[in-house]
Amino acid sequence: MITADAPALPTGAPQLPREHFLNVEYGVKSWLLTTDHKRIALMFLVAVTLFFFLGGAAAALFRLELLTPPGDLVSDHTYNKLFSIHGVTMVWFFLIPSIPAVLGNFLVPMMIGARDLAFPRLNLSSFYLFVIGGLFTLVVMFTGGLDTGWTFYTPYSSMFANTYVIAAVTGIFIAGFSSIFTGLNFIVTIHKMRAPGLTWFRLPLFIWAIYATSVILVLATPVLAITLTLVGVERIFHVGIFDPAIGGDPLLFQHLFWFYSHPAVYIMVLPSMGVVSEVITCFSRKRIFGYHFIAFSSLAIAVIGFLVWGHHMFVSGQSIYAGMVFSMLSFAVAIPSAVKVFNWTATLYRGSVSFETPMLYSLGFIGLFTIGGLTGLFLATLGIDVHVHDTYFVIAHFHYIMVGGAVMGYMSGIHFWWPKMTGRMYPDGWGRLAALIIFIGFNLTFFPQFILGYLGMPRRYHSYPPEFQVLNVMSTAGASILAVGYLLPLVYMLWSLRYGRIAGPNPWRAKGLEWETTSPPPTDNFEKIPTVTEGAYAYPERKETAHG
Amino acid sequence: MTSSTIVPVRVYAAVYGALMVLLLATCAADFLSLGVFNVVISLTIAVAKALLVILFFMHVRYKEHLLWVYVVAGFFWLAILIGLSLGDVLTRVH
Amino acid sequence: MAERSDYLAHQFVDPIQQEQSSTLGMWVFLATEVLFFGGLFAAYTVYRFQFPEVFQHASHHLSVLLGTINTGVLLTSSLTMALAIHSAQTGHRRQLMAFLIITMVLGIGFMVVKGCEYHKDYVEHLVPGHSFAFDARYMPQAQMFFVLYFLMTGLHAVHVTVGIGVIGVFLILSLKGRFTPEYHTPLEIGGLYWHFVDIVWIFLYPLLYLVGHHR
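Chains as they are written, first to last, in the numbering used here: chain A, 1 to 548; chain B, 1 to 94; chain C, 1 to 215.
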């Protein structure tokens with residue numbers, strides 16, 4: 001975007017700006033009490049990275065257990081605790097906050113030309129709510145665990161489980177309010193604080209995606225909060241809200257839970273879709289194909305995503321008629337997702353495509369998300385779901401969405417905006433190598449699980465019949481490759497903080513307001529609030545470029 | 001649009017009067033035996049009361065349209081939650 | 001742009017942007033609150049459809065009189081809150097403080113009546129748990145009604161208490177002369193919250209107290 005007051009790009013080797021948000025103040029207090037959205041974003045980055053590796057460690061342990069058919073490495077009870085803690089940390093303490101709280105926090109004000117979010121102190125309180133919720137989870141993890149799975153199904157969670165259910169739901173309840181306040185902040189900021197000239201249809205598609213995500217965060221999370229409260233109340237007072245023995249309806253829990261938890265999947269994947277729209281255009285040097293379709297498909301996913309939750313309950317005693325309605329609605333939500341994939345692919349067509357690290361992750365996203373989405377349609381089909389429900393087919397499907405989709409998008413975004421956040425480049429060769437390792441490791445881990453599930457291996461058991469071993473060994477081997485792939489970026493990113501090449505304001509020659517300020521940006525983001533005169537992704541038309 | 005809109009006191013008084021009349025009406029209706037219509041009447045009156053509070057006491061009538069979107073969104077999403085859950089409960093074949 | 005006033009936060013360009021952002025933020029939060037209470041309303045609706053007669057009998061153990069009085073009290077407190085904001089808008093500080101005090105008193109009155117009701121329920125063995133006693137024909141679902149009753153009114157009472165506290169803070173701030181006809185956004189935001197609490201009760205009243213007609 002061209003602005004009236006664009007600073008002249010420095011010539012020669014880029015240099016770090018003299019004063020920026022990282023060096024304007026020093027000391028622990030200047031971080032812990034900051035209201036600067038960029039500093040809060042970085043604190044979130046540290047926190048979610050910690051949870052990512054904790055959840056990953058749990059996954060590594062149970063993948064090791066599944067290396068051999070008998071349950072020999074850990075007991076069945078420990079196994080239950082491992083997958084429960086893996087689910088809870090990955091869903092609520094990594095995937096949900098990852099892109100919104102880290103990249104969204106960092107980028108929303110910069111992309112719309114604002115000095116900060118609308119409510120900076122609320123933003124800081126979001127972070128502390130997240131930390132407090134996370135501490136509850138850590139306490140649960142290290143004092144006795146949780147064996148309900150991340151879904152807390154009643155009446156097991158409310159009447160029978162002997163683990164720290166109350167502490168776990170309290171932690172999630174508190175972290176839920178962190179999400180709500182983050183979403184609220186984004187909604188208000190995007191509505192009210194756009195720079196002059198930045199109309200809705202000039203916004204980067206990342207902003208549209210974050211907006212749609214925020215709507216879900218704000219409208220779905222409170223239902224989760226009250227549902228978990230009900231589980232806690234029933235567990236403490238034994239009053240039978242969901243317990244069928246005293247007139248309760250366990251399916252009511254599932255309705256309330258999935259009213260949040262299905263849209264939560266879109267909380268995870270919509271922001272990734274936003275990242276992909278930014279990265280694909282930048283590394284194709286092209287305007288996005290079908291801007292309006294991608295923008296509105298984000299909103300459509302946010303709305304239709306609320307109408308499909310019953311497809312988690314096809315075999316749990318739900319009415320067959322409700323099942324049919326939910327099945328059809330679930331097919332409907334595939335349409336806006338497919339629209340996006342189509343438009344990204346069309347954007348690549350005849351673009352000047354280059355394969356830097358962020359682009360590799362985004363391309364990985366498109367392929368893996370497509371597989372995850374299509375297998376989702378299998379599962380939304382009533383008859384097929386009866387066959388594969390609660391098998392590894394489901395596990396593979398949602399890992400293609402959550403890891404193949406959401407985490408790939410997150411990695412893409414972190415690599416894309418890392419130079420903006422830190423002012424320095426990571427080594428791109430290492431980045432590409434890690435992206436490749438992650439792609440291979442991911443597919444080796446989860447593709448065999450589609451077959452395992454189709455053959456009938458149920459989820460959540462620590463032992464299995466010997467005929468499933470070959471595929472399980474492949475999966476565990478893939479998981480170890482994946483672990484290497486995730487550890488590599490941790491190393492070279494930290495290395496780059498000190499030794500990385502100075503990036504300059506716009507190392508990718510990308511379009512967007514965030515690239516027009518220095519890297520790292522000053523505390524107020526812009527020296528002067530910019531004025532926007534053209535739409536997003538105004539990359540030069542192909543005819544004008546020299547190479548053909 | 002902004003805080004400069006000052007709603008006259010007589011509007012507040014009229015709204016309050018209407019709220020009290022509705023409260024008495026809902027009480028009175030409760031003493032009639034109307035079968036299922038008892039619920040319908042009492043909930044209709046509740047919606048009317050809520051609308052009065054939202055539009056006048058909460059100034060939504062005088063504010064930008066964007067606020068209407070979020071006022072409606074909360075209730076609309078609640079309707080989705082209740083509607084689709086009931087859709088299951090009421091059509092179960094035992 | 002005019003001179004920056006000291007109540008304008010650094011991230012905003014002008015007071016109008018700040019005022020609109022705060023109002024929108026509060027409404028988004030209230031949408032969240034609708035769905036927070038909404039989970040309980042959904043549970044209530046599902047169970048009422050499943051056990052209509054039980055809910056009717058259980059509801060008749062609640063005092064319609066006290067419920068009606070409390071509805072009147074909260075509606076009145078909404079009026080006084082609106083008038084408090086009106087006083088701030090027109091620059092009448094003493095009036096503003098008087099209306100804030102009346103609103104607080106009404107809120108506290110609501111809590112007192114609610115407390116009396118809870119005590120009455122306790123004496124009549126209507127509190128779910130081991131001491132719960134009810135006509136055997138309507139067990140165990142009758143207890144479900146009272147679980148929902150206590151959760152819904154309890155969550156509401158928490159909100160009323162928070163509201164009373166917020167109005168108390170406003171009282172102190174207006175004592176210090178912090179609100180002017182130009183700047184009273186916090187009052188408006190707090191007022192929205194107070195009215196929302198009123199709206200929740202407007203729905204709780206028919207759903208809990210007026211189930212099936214009374215003779």
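It is possible that part of the hints are untrue.
[What the hints assert, rightly or not] Coverage of chain C stretches by chain A, computed from C-beta distances (three or more under 8 Å per stretch; other residues unrestricted):
#1 10-23
#2 41-49
#3 131-143
FYI, nobody ran anything at the bench for these hints, they're computed from the structure.
Glycine included, every Cβ here is placed at the ideal spot set by N, Cα and C.
Tested hints:
1. Only residues whose C-beta sits within less than 8 Å of a C-beta in chain A count toward coverage, and the region 10-23 of chain C has 7 of them, enough to reach three; the restraint holds.
2. Look at the region 41-49 of chain C against chain A: 4 of its residues bring a Cβ nearer than 8 Å to a Cβ of that chain, three or more, so the hint holds.
3. Only residues whose beta carbon comes within less than 8 Å of a beta carbon in chain A count, and the region 131-143 of chain C has 3; three or more means the coverage holds.
Hint violations for this structure: none, all hints satisfied.
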